[in-house]
Amino acid sequence: MKFSFAKLLQAPSIILLLLWMIVPLSMTLYFSFMRYNLLYPERTGFDGLLNYNFFLTDPALYDSIVNSLTLVGSIIVISVVFGLSIALLLQNAFRGRGIVRVMLISPFFIMPTVNALLWKNMFMNPVYGLFAFISGIFGWPVIDWMADFPLLSIIIMLSWQWTPFALLIFMTSLQSMDKEQVEAAEIEGAGFWSKFYYLTLPHLSRAIAVVVMIQAIFHLSIFAEIFVTTGGGPGYMSTNTTFLIFSQALLQFDVGVASAGGVFAIVVANIIAFFLIKTVAKGMAK
Amino acid sequence: MIIGYRNMKRIQHQSTVLACYVLAAIFFFPIFWMVLTSLKTELQAISVPPLFFFEPTLENFSIVQERSDYYHYAINSIITSFGATLLALVIAIPSAYSMAFFPGRFTKDILLGMLSTKMLPAVGVLMPIYLISQWMGLLDTRIVLVFIFAMMNLPIIMWLLFSYFKEIPRAILEAGRMDGANTMNELRHIVLPLSWGGVASAGLLSIVLCWNEAFWSINLTAGDAGTLTALVASYASPEGLFWSKLSAVSTLACAPIVVFGWFCQKQLVQGLTFGAVK
Numbered sequence: 001m002k003f004s005f006a007k008l009l010q011a012p013s014i015i016l017l018l019l020w021m022i023v024p025l026s027m028t029l030y031f032s033f034m035r036y037n038l039l040y041p042e043r044t045g046f047d048g049l050l051n052y053n054f055f056l057t058d059p060a061l062y063d064s065i066v067n068s069l070t071l072v073g074s075i076i077v078i079s080v081v082f083g084l085s086i087a088l089l090l091q092n093a094f095r096g097r098g099i100v101r102v103m104l105i106s107p108f109f110i111m112p113t114v115n116a117l118l119w120k121n122m123f124m125n126p127v128y129g130l131f132a133f134i135s136g137i138f139g140w141p142v143i144d145w146m147a148d149f150p151l152l153s154i155i156i157m158l159s160w161q162w163t164p165f166a167l168l169i170f171m172t173s174l175q176s177m178d179k180e181q182v183e184a185a186e187i188e189g190a191g192f193w194s195k196f197y198y199l200t201l202p203h204l205s206r207a208i209a210v211v212v213m214i215q216a217i218f219h220l221s222i223f224a225e226i227f228v229t230t231g232g233g234p235g236y237m238s239t240n241t242t243f244l245i246f247s248q249a250l251l252q253f254d255v256g257v258a259s260a261g262g263v264f265a266i267v268v269a270n271i272i273a274f275f276l277i278k279t280v281a282k283g284m285a286k
Numbered sequence: 001m002i003i004g005y006r007n008m009k010r011i012q013h014q015s016t017v018l019a020c021y022v023l024a025a026i027f028f029f030p031i032f033w034m035v036l037t038s039l040k041t042e043l044q045a046i047s048v049p050p051l052f053f054f055e056p057t058l059e060n061f062s063i064v065q066e067r068s069d070y071y072h073y074a075i076n077s078i079i080t081s082f083g084a085t086l087l088a089l090v091i092a093i094p095s096a097y098s099m100a101f102f103p104g105r106f107t108k109d110i111l112l113g114m115l116s117t118k119m120l121p122a123v124g125v126l127m128p129i130y131l132i133s134q135w136m137g138l139l140d141t142r143i144v145l146v147f148i149f150a151m152m153n154l155p156i157i158m159w160l161l162f163s164y165f166k167e168i169p170r171a172i173l174e175a176g177r178m179d180g181a182n183t184m185n186e187l188r189h190i191v192l193p194l195s196w197g198g199v200a201s202a203g204l205l206s207i208v209l210c211w212n213e214a215f216w217s218i219n220l221t222a223g224d225a226g227t228l229t230a231l232v233a234s235y236a237s238p239e240g241l242f243w244s245k246l247s248a249v250s251t252l253a254c255a256p257i258v259v260f261g262w263f264c265q266k267q268l269v270q271g272l273t274f275g276a277v278k
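Chains as they are written, first to last, in the working numbering: chain H, 1 to 286; chain Z, 1 to 278.
If you are wondering where the hints come from, they were derived from the structure by calculation, not from laboratory data. Possibly wrong hints are sitting among the right ones.
Stated by the list, open to error - Distance condition first, Cα-Cα at most 30 Å in a straight line; then the derived DSS-like pairs of lysine-lysine:
| hint | chain 1 | residue 1 | chain 2 | residue 2 |
| --- | --- | --- | --- | --- |
| 1 | H | 179 | Z | 9 |
| 2 | H | 278 | Z | 118 |
| 3 | H | 7 | Z | 108 |
| 4 | H | 179 | Z | 108 |
| 5 | Z | 118 | Z | 108 |
| 6 | Z | 166 | H | 179 |
| 7 | Z | 166 | Z | 118 |
| 8 | H | 195 | Z | 9 |
| 9 | Z | 9 | H | 7 |
| 10 | Z | 9 | H | 278 |
| 11 | H | 179 | Z | 266 |
| 12 | Z | 166 | Z | 9 |
| 13 | Z | 266 | Z | 118 |
| 14 | Z | 108 | Z | 266 |
| 15 | H | 179 | H | 195 |
| 16 | H | 7 | Z | 166 |
| 17 | Z | 108 | Z | 166 |
| 18 | Z | 266 | H | 278 |
| 19 | H | 195 | Z | 108 |
| 20 | H | 195 | H | 278 |
Here chain Z stands alone, though its shape is the one from the complex:
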């Protein structure tokens, strides 16, 4: 039998589409399974064979809230990730503006140097940071996390803002200066409105990275300032068998940022690649 060229193309296209559906199902399955398990009782969660159909219960969510005070950790996560992002932006916006429009001989090197602080393995400075926080009485406080997260993300934010600011035509700034705008006016009324997208990308990326940060939040916090990552880590110790509660707490911890990520894909890509991939 001879299959025509067009038919072959169609079959090819359809099998590609089928492959995409299957792959999407495979990649998403663990998340789906987590949400499903969170709606089961503990006994249903470990049943063999695994249950796909059952009477769902919301019991786990209320138990998680009662037993480990989910809201407390969620608020910590929100405060630290938004606070750190805000702090980093406040520091970075004027600096990046200054570097983009008044570059010196070493501006490029300074920026590269900033990026290289990202290469510094956190574990290399774990002891000093731990001890400094202890001496200052800041262990297990949100302040220390806000500061650390801000410093962690500052280089990325600087790079992003720098590359966005650079794209603003200088003529616009000069026109503003002719009209008597001073530096702060220029920044507020000309530069920022023109690079809103860039500032947003940088901020969104920073929020996602802070939300999922685990090394510092596990090592520097306990009950008071613990974030959701630390809360989930605390469910690791009782060996298995609390799967539906673990799933409930995991679902609650991930849902906000996953949904957030769906809506900001484009900005995140630009952020993740320092604007190098558009």
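Isolated chain H, as found in the complex:
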């Protein structure tokens, strides 16, 4: 009796999460086959695969996928490389390390909308921005970041935010490294690179796996930074798949097409998740 009550305690979380997943998912699936536009409520009925046809032949789709992958890939590479290098620099104690740490990880706690507006206005504005001022000093041509390099601008913003995340986790992981092993290696005459390659990197493998997986989850659905800066433009230069579906849904009010896009996004996310979990779970199980 007592045993079964204790087991029953699992039920609420399982049921809630199941509902949270299945109800909206099945609705998305259902809408994706229906004619349903909030602007034309009188047009209803089964639409077959027309929504999918419309979404999949959208010329912006290809761009948006390339943009999504570019965003995810470059932010992960930048944050892991910089995060790891800075974590290694910070390994030995020195005066003021505490405050340096705090300053370095602060960007991670900044709101996405604040992050985006801060960079867009105060740094990347072609007239009053700090970058324009700096290029002026050196006589470099002024860059209109949002118009000329929208995707790169977003990569810069997000890398500024997520390098601290990688750093935070690598720093924590490095603290548990076996110091005697490192000393032994030094006595044997191991240089920086061989210590890094044979000791540090294997020790960090799990931390790196975690950093990559979490960032992939978050960056596939980057939204706020695009929403408040470029609005996906110019053209589709900074539209990722999330933003493309969002604009179908809440800017053009086409529930049907947006749902077809939603199904597409879910399928893509699942394919990526499958490979990620497989590789990362291997690393975590060690």
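For this one, chain H is given, so just place chain Z on it according to the hints.
Showing chain Z alone in chain H's frame:
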């Protein structure tokens, strides 16, 4: 000239330290610049060359409060992030306890399944959630945000609590049972006190994630239940030129959670990595 080994080591160390200072300054500069701009007048904010020394003013902060009612949004942020975290913890603690101490054949799979709901892109269910909230009259209410945030963070919290509860030696529980503790007693008087740190990590992480959540709060709220992320997003539309007010509102929106983050670094790392990195 021959530089001795010790000198070389010292120079190496000093240049590392210098590099750390420079990097910290670079990474922190945007935040510093934001706070500095919030203390300028609008004209000073866009002056070329940029001003580092000026007479600071607190005017922007009062204007922001007057014009867009900062407190209203701040309260929404506080209620939604703390409410959602509390709700998620209330659901997760008994469940995680049950899974950790009375695991079934599928417990591991269920937990993995829960985590996989995090992989579900929010945009894939945007329309249904939007419509359901509309039908239920919950659009632009805190209730809907509390529920969504709780569901978003529930898998992470479950994982964290599960891994913490698992580390409690079973012998302690059995001793408690011998003394006649029932399930609820066991949870309240044995499990929770022993895993306080884990519960705290999970809660802190959840609060930070809720506070900075932008997708749902921008799409489901307007004036009534808008959180600080939505408030800041609303400053995006007038093209530039309100930089000192934008900075003031941004400073106010970020300060609580940044300070919060400084104090909880350790717990957050454990939370962010599901306890996999210690």
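Restraint status (C-alpha distance of residue 166 of chain Z to residue 179 of chain H at most 30 Å)
Holds - the C-alpha atoms of residue 179 of chain H and residue 166 of chain Z are around 29 Å apart, at most 30 Å.
Are the Cα atoms of residue 266 of chain Z and residue 118 of chain Z separated by 30 Å or less?
Holds, at roughly 23 Å.
Between residue 179 of chain H and residue 195 of chain H, does the CA-CA distance stay at or below 30 Å?
OK: residue 179 of chain H and residue 195 of chain H at ~12 Å, within 30 Å.
Given the hint that residue 9 of chain Z pairs with residue 278 of chain H, test it: the Cα-Cα distance must not exceed 30 Å.
It is violated: about 43 Å lies between the C-alpha atoms, which goes past 30 Å.
Holds or violated: are the alpha carbons of residue 266 of chain Z and residue 278 of chain H at most 30 Å from each other?
Since the Cα atoms of residue 266 of chain Z and residue 278 of chain H sit roughly 28 Å apart, the hinted pair holds (cutoff 30 Å).
Restraint check for residue 108 of chain Z with residue 166 of chain Z, where alpha carbons must lie at most 30 Å apart:
holds (12 Å)
Would you mind confirming whether the straight-line C-alpha gap from residue 118 of chain Z to residue 108 of chain Z stays at or under 30 Å?
Since the Cα atoms of residue 118 of chain Z and residue 108 of chain Z sit roughly 16 Å apart, the hinted pair holds (cutoff 30 Å).
Quick one, are residue 195 of chain H and residue 108 of chain Z close enough, alpha carbons at most 30 Å?
The hint is violated at about 37 Å.
Taking 30 Å as the top limit, are the C-alpha atoms of residue 278 of chain H and residue 118 of chain Z close enough?
Holds, at about 16 Å.
Holds or violated: are the alpha carbons of residue 195 of chain H and residue 278 of chain H at most 30 Å from each other?
holds (28 Å)
Does the structure keep residue 195 of chain H and residue 9 of chain Z at a Cα separation of 30 Å or less?
Judged against 30 Å, a Cα distance of about 17 Å means the pair holds.
With a cut-off of 30 Å on the C-alpha distance, tell me whether residue 166 of chain Z and residue 118 of chain Z pass.
Between residue 166 of chain Z and residue 118 of chain Z the Cα gap is close to 22 Å, so the pair holds against 30 Å.
Taken one by one, the earlier hints fail for this structure at numbers 4, 9, 10, 12, 19, listed in ascending order.
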